[in-house]
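Asks: Letter by letter, the chains look like this.
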Amino acid sequence: MRNIQVNEIAKAVRELCIEANYQLSPDMCRALGEARKKEESPLGKQILGQLEENLEIAQTEEIPICQDTGMAVIFMEIGQEVHFEGGSLEEAIQEGVRCGYRDGYLRKSVVKDPLIRENTKDNTPGVIHYSIVLGDRVKITVAPKGFGSENMSRIFMLKPADGMEGVKNAVLTAVKDAGPNACPPMVVGVGIGGTFEKCALLAKQALTRPAGEHSPVAYVKEMEEELLERINRTGIGPGGLGGSVTAFAVNINTYPTHIAGLPVAVNICCHVNRHAVREI
Amino acid sequence: MLSCKPSCSTGNLSLYYGWDLYLSEAKGMEINMEKYLQMPLSKEDAANLRAGDYVYLTGIMYTARDAAHKRMQETLEAGEPLPIVLQGTVIYYMGPSPARSGRPIGSAGPTTASRMDKYAPALLDLGLLGMIGKGRRSLAVRDAVVRNGAVYFAAVGGAGALLSKAVLESEVVAYEDLGTEAIRKLTVDKFPVIVCMDSCGTDLYEISAEQYRKE
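Sequence order for the protein chains is A and B.
According to my numbering, the residues represented by the first sequence are 1 to 280, in order.
According to my numbering, the residues represented by the second sequence are 1 to 215, in order.
Chain A on its own, in the form it takes in the complex:
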């Protein structure tokens, strides 16, 4: 058994909220640089250049990469030998979000009720997903999610007979509908299988996988490559203003499902695909 003080978690979450919003992970920076070399449209190239410049300014002048600093999505992988002390873990995570968004000059984008819509003024609550794993470590991933792209995400409850082609068409449909609204070039997270809510979570988790890293499952890897190529043939391009780079990556996660179903979730993320990770 390993004891961890919850205020240590709060401190880590605070720092990760700030880090994620000022600095993209190396895989995303690399993807952006490579995209500029590949892009055929001069305007597209120019936009990608501006996005690289934007990252540079964000880091050196301490201005968030995007003004939509997101709703904080937090994945907690908790080793089953960990014992938390010093208060509520849930409240500590929310306190981390509160302090991170306050101290990091991040935008407060959360409303208390989806219909009454009064701003909570501290960006809480975040959305927390817990999973219990082996060991005595805690892995925290903070992925602030902007809603320009979140709004363009979709769930399709396909039939088993729709098969592989049905899944590919669903992904392409979601991407084309998203078009310029989702701030392309995008990262496309796909969840296939499970239940209605499980496939959405798989898709969200897929967005935290580094761009350029493929599924270990051979057929899934092939699908990722094929879909990325087909998405980049749509012509949507950087900023949706035409070009050959519409997506940096397609990341697919799968899970067993029911004999009667083929759920598919497509979670779209803009080029500011933020995820900061720490292990305690």
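Quick caveat, the hints were computed from the structure, so don't treat them as lab data.
Mixed in with the good hints, there may be bad ones.
Derived Cβ-Cβ restraints for the label pairs, each shown as a range [claimed, not checked]: (1) Lys118(B) <-> Glu279(A): 42 to 48 Å; (2) Glu77(B) <-> Gly261(A): 44 to 50 Å; (3) Ala260(A) <-> Tyr54(B): 49 to 55 Å; (4) Ser101(B) <-> Lys221(A): 44 to 50 Å; (5) Ala140(B) <-> Lys121(A): 32 to 38 Å; (6) Ala78(B) <-> Phe147(A): 28 to 34 Å; (7) Arg213(B) <-> Pro216(A): 29 to 35 Å; (8) Glu206(B) <-> Glu279(A): 46 to 52 Å; (9) Val133(A) <-> Glu206(B): 46 to 52 Å.
Sample of chain A residues lacking proximity to chain B, with all beta carbon distances greater than 10 Å (derived) [claimed, not checked]: (10) Glu8; (11) Gly79; (12) Gln80; (13) Glu81; (14) Tyr130; (15) Phe156; (16) Gly163.
Simulated crosslink set (BS3-like; lysine-lysine; CA at most 25 Å straight-line) [to be verified]: (17) Lys214(B) <-> Lys38(A); (18) Lys118(B) <-> Lys176(A); (19) Lys214(B) <-> Lys45(A); (20) Lys168(A) <-> Lys198(A); (21) Lys176(A) <-> Lys198(A); (22) Lys165(B) <-> Lys45(A); (23) Lys45(A) <-> Lys176(A); (24) Lys118(B) <-> Lys112(A); (25) Lys214(B) <-> Lys176(A); (26) Lys214(B) <-> Lys168(A); (27) Lys35(B) <-> Lys45(A); (28) Lys70(B) <-> Lys108(A); (29) Lys185(B) <-> Lys121(A); (30) Lys221(A) <-> Lys214(B); (31) Lys108(A) <-> Lys185(B); (32) Lys108(A) <-> Lys165(B); (33) Lys112(A) <-> Lys70(B); (34) Lys37(A) <-> Lys214(B); (35) Lys121(A) <-> Lys70(B).
Predicted model, so just to flag it, every value in this text is computed and none were measured.
Built from N, CA and C at the ideal position, the CB exists for glycine as well.
Please arrange chain B on chain A, whose structure you already have, making use of the hints.
Replies: Just chain B now, kept in the frame of chain A:
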């Protein structure tokens, strides 16, 4: 570069630029012109802009997004005056992140314009001449843009740090309780935008993706 005067007789870029010229230029997106404009805009400024033009805006613009638009609509329905003058005004669909001390604003990129589609036609009919956002607009907005000789610009989505550098001053002028969604008066210098829908109703998003489509 192109010198032919655009005419509004058609919604098809190829026709008003001349088909041959369109084919030869379109591949390289050379159809866009660089222009510098002062805000508030004049009707003539708006009428001369064409989808694809790269424009640097200088002067005063106002921010408003979902909540401010909803409140403006309620104000109009109640027969009360709006907190800002709409004549020739450009509204920027944007809610900034907080400014650090000594700076005018935080990160300041565009939000998705389609969420304002429900409210935009009424404002355009009252004299609003320009909108800045990102993404597609509805047919009702397109009709209102054409009807009023207005223009819809796109700023680069997700480039909030870069775009904030063009903002010299920012002041909340209405609905302060809405936080980031309050109406702000921005003084900007050469704020970079691209004409996405011109006063003829030509939609750059429709044209540009087609040029690079390989399906």
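Asks: Which numbered hints turn out to be false for this structure?
Replies: none
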